[in-house]
Amino acid sequence: MNSFWIIFWHTYLTKLKTKSFITTTIITILIVLGLTNFNKIIQTFDKNGGKDTVVVLDETNSLFKPFKKQLERINKDIKLVPYNGDINSAEKAVEKGNYKGLIQLRLNEQKMPVATYKAMSIADSSIYTDLQTGLQQLKTMLTASQMNLTPMQLQKLYEPVSFNKVALEKNAKTEEQLNQARGLVYVLLFVIYFAVIMYANMIAMEVATEKSSRVMEILISSVSPITQMFAKILGIGLLSLTQLAIFLSVSYASIKQNMSTLKGGFFEAFGFEHIPVETIVFAVIFFILGYFLYATLAAFLGSLVSRIEDVQQMITPMTMLVVAGFMIAMFGLGKPDSSFITITSYIPFFTPMIMFLRVGMLSIPFWESFIGIAILLATIIVLAIFGARVYRGGVLMYGKSNSYKDIKKALQLTKEK
Amino acid sequence: MRMALMLEHVSKRFGQFTAVQDLSLTIPEKEMFGFLGANGAGKTTTFRMILGLLDPSEGRITWDGKTINYGTGNLIGYLPEERGLYPKLRVKEQLVYLARLRGMRKDVALLELKYWLNRFKIPEYENKKVEELSKGNQQKIQFIAAVIHKPKLLILDEPFSGLDPINVELLKEAVIFLKENGTTIVFSSHRMEHVEEMCEHLCILHKGKTIVHGSLKEIKRAFGKKNLIIHTDFSLEWLKNFPGVLKGKTTTEGIHLQIEGEEDAEHILSEVVKKGFIRKFALEEPSLNDIFIEKVGDSFE
Chain L
0 MNSFWIIFWH TYLTKLKTKS FITTTIITIL IVLGLTNFNK IIQTFDKNGG KDTVVVLDET
60 NSLFKPFKKQ LERINKDIKL VPYNGDINSA EKAVEKGNYK GLIQLRLNEQ KMPVATYKAM
120 SIADSSIYTD LQTGLQQLKT MLTASQMNLT PMQLQKLYEP VSFNKVALEK NAKTEEQLNQ
180 ARGLVYVLLF VIYFAVIMYA NMIAMEVATE KSSRVMEILI SSVSPITQMF AKILGIGLLS
240 LTQLAIFLSV SYASIKQNMS TLKGGFFEAF GFEHIPVETI VFAVIFFILG YFLYATLAAF
300 LGSLVSRIED VQQMITPMTM LVVAGFMIAM FGLGKPDSSF ITITSYIPFF TPMIMFLRVG
360 MLSIPFWESF IGIAILLATI IVLAIFGARV YRGGVLMYGK SNSYKDIKKA LQLTKEK
Chain P
0 MRMALMLEHV SKRFGQFTAV QDLSLTIPEK EMFGFLGANG AGKTTTFRMI LGLLDPSEGR
60 ITWDGKTINY GTGNLIGYLP EERGLYPKLR VKEQLVYLAR LRGMRKDVAL LELKYWLNRF
120 KIPEYENKKV EELSKGNQQK IQFIAAVIHK PKLLILDEPF SGLDPINVEL LKEAVIFLKE
180 NGTTIVFSSH RMEHVEEMCE HLCILHKGKT IVHGSLKEIK RAFGKKNLII HTDFSLEWLK
240 NFPGVLKGKT TTEGIHLQIE GEEDAEHILS EVVKKGFIRK FALEEPSLND IFIEKVGDSF
300 E
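Chains L and P, in that order, are what the protein sequence lines are. Quick note: the first sequence, position 251, residue 250 per numbering that gives the first Met the number 0, numbers continuous. Quick note: the second sequence, position 33, residue 32 per numbering that gives the first Met the number 0, numbers continuous.
If you are wondering where the hints come from, they were derived from the structure by calculation, not from laboratory data.
Label-pair ranges, simulated between beta-carbon atoms:
id, chain 1, residue 1, chain 2, residue 2, range
1, L, Lys407, P, Gly161, 33 to 39 Å
2, P, Glu7, L, Asn1, 30 to 36 Å
3, L, Asn1, P, Gly64, 24 to 30 Å
4, L, Glu308, P, Gly161, 20 to 26 Å
5, P, Glu81, L, Thr43, 55 to 61 Å
Positions of the beta carbon are idealized from the N, C-alpha and C atoms, including for glycine.
Can you build the whole structure from these sequences, using the hints too?
Structure representation (structure tokens):
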């Protein structure tokens, strides 16, 4: 086995065994499991089987029944119970915790229902908004009957206007598809963003650690710095893919298992039900390319510092680039077809996130994404050649200064003449 | 005699600064070569050029007629001046890793590792993390890392610094053992007595230039000057101005003189005998230390 593979596996295996890697993986798996089992968890903690009981003080003696009927259609989890006592004792019962809240129903001068809702806290808006909606519908019905409207007329009044949206562009995504794509792209953008920052950091730290512990001098006397740099980048690249594969398979398995409970709700809104294969493929491509771009940058920046403490300072501008790309992508989620997004998607440092955003959200021609990938590949190659030269000189430099002027010094060290 | 390592008119410049200037050396095979120089004299730069880490601005470095690059890396062992190991890795893990990078098989590396740990009387450290070891023991591990793959050419940059006398002896024995087994060794040191004791050939670098180069005996002979140590009960201050005396230093027991040659010692003896009782009168070869101070000191002026 040649030295490239020895370094490659060494980097991969030692990083795989570190505590920090194991903990972050476990924590993320727990978060994923928590999110996918969200509904189950909520149910477990809900004591009353998810039902909230609200007592009704009906002063009219006629509103309770229709109100209850209306509310059943809106929210089955709210249980209405008539109360045969005065307001003070009802309030006491709520204070004791017997009931979630109490609602007082009256009729005003126009014979329209008026309600007062009392609870220990009104933070749980889902209950009183449902109650309010129920009462609103009740009021509409009462008004209609006062005006002698037939149910047919009433239905006509409430019939929603038909409003169709049609995109003229071929293959353009429908509104629904766009919303779903937005959710998925949003999540994948986050993954790319975090992974690029995390693993680029890991590489810079790794290089700086080897340099500061001076093990570098032995390493570079046996293996060329260029082999070393690429073995390291690929080793940590494999590590990132391992971690990603673990996350994806855990979330896939967990989603499969909880499919029934996850139907509807935020899951559907995020478009996780019908995940387009194309989007995932592009996400992986742009993730890998983005990783290589920033990993190469991080490796040679890491080779310039002499102490681990200076790593963060050195790679801050690089991190800013990633953050900027992410910010632009966030803006682009709302306006993926604006020309600003189109232009920035061809700037190599932003391409991984923004071109992916465009691919995921719009139906752009294939050659456009292809140009983006080509530009990215070319940049990676140029950066790798330049980075390798800086790295070779950088690992030999020990000094106090940690500025970008050192790049020039490092290149000078590598020069032959 | 086959000439193993050859440096021909090697220079290295970093911008305006010249680190090494027109250095020509031949280091014979199976020999120990001493590399002396004050701090910043260009020793480490020269080593890095020999290792192929830096390209010389001018000149050529060859080993057995071939240029040195990563293809010949397995022939070379290097102990850097600044000690460096992975602090978080266990001794076994990192030595096997470093040995494999030098083209060794894992099982062979493990055997070799056991041998060296036993030789240095530290077999119990095999599974310890490097950061848990004392500095002296880390140095031994570092030394093992440099020699585990049985290099033909071993470069030791300050191998004995920071060690207690017992460990210095242990390491010296190991270096001599390697030399007797046919390893060519280049080593640098500030400690003249180590170089004097171990090296047949040496060179003294100063500000990138060779000041002295050759075999130890020849260098001493060419230097010509001798040291004279006289211990008496009476004052010897007047000897400092005696003809043939170059330098004098009064000590608690008498005087240390540097003289031009043996005949001067005779004149001095005949004069001193007249003054009284002499407890010690010794004529000595100049030490490397004297030569170094004189040569390097001269070029300061």
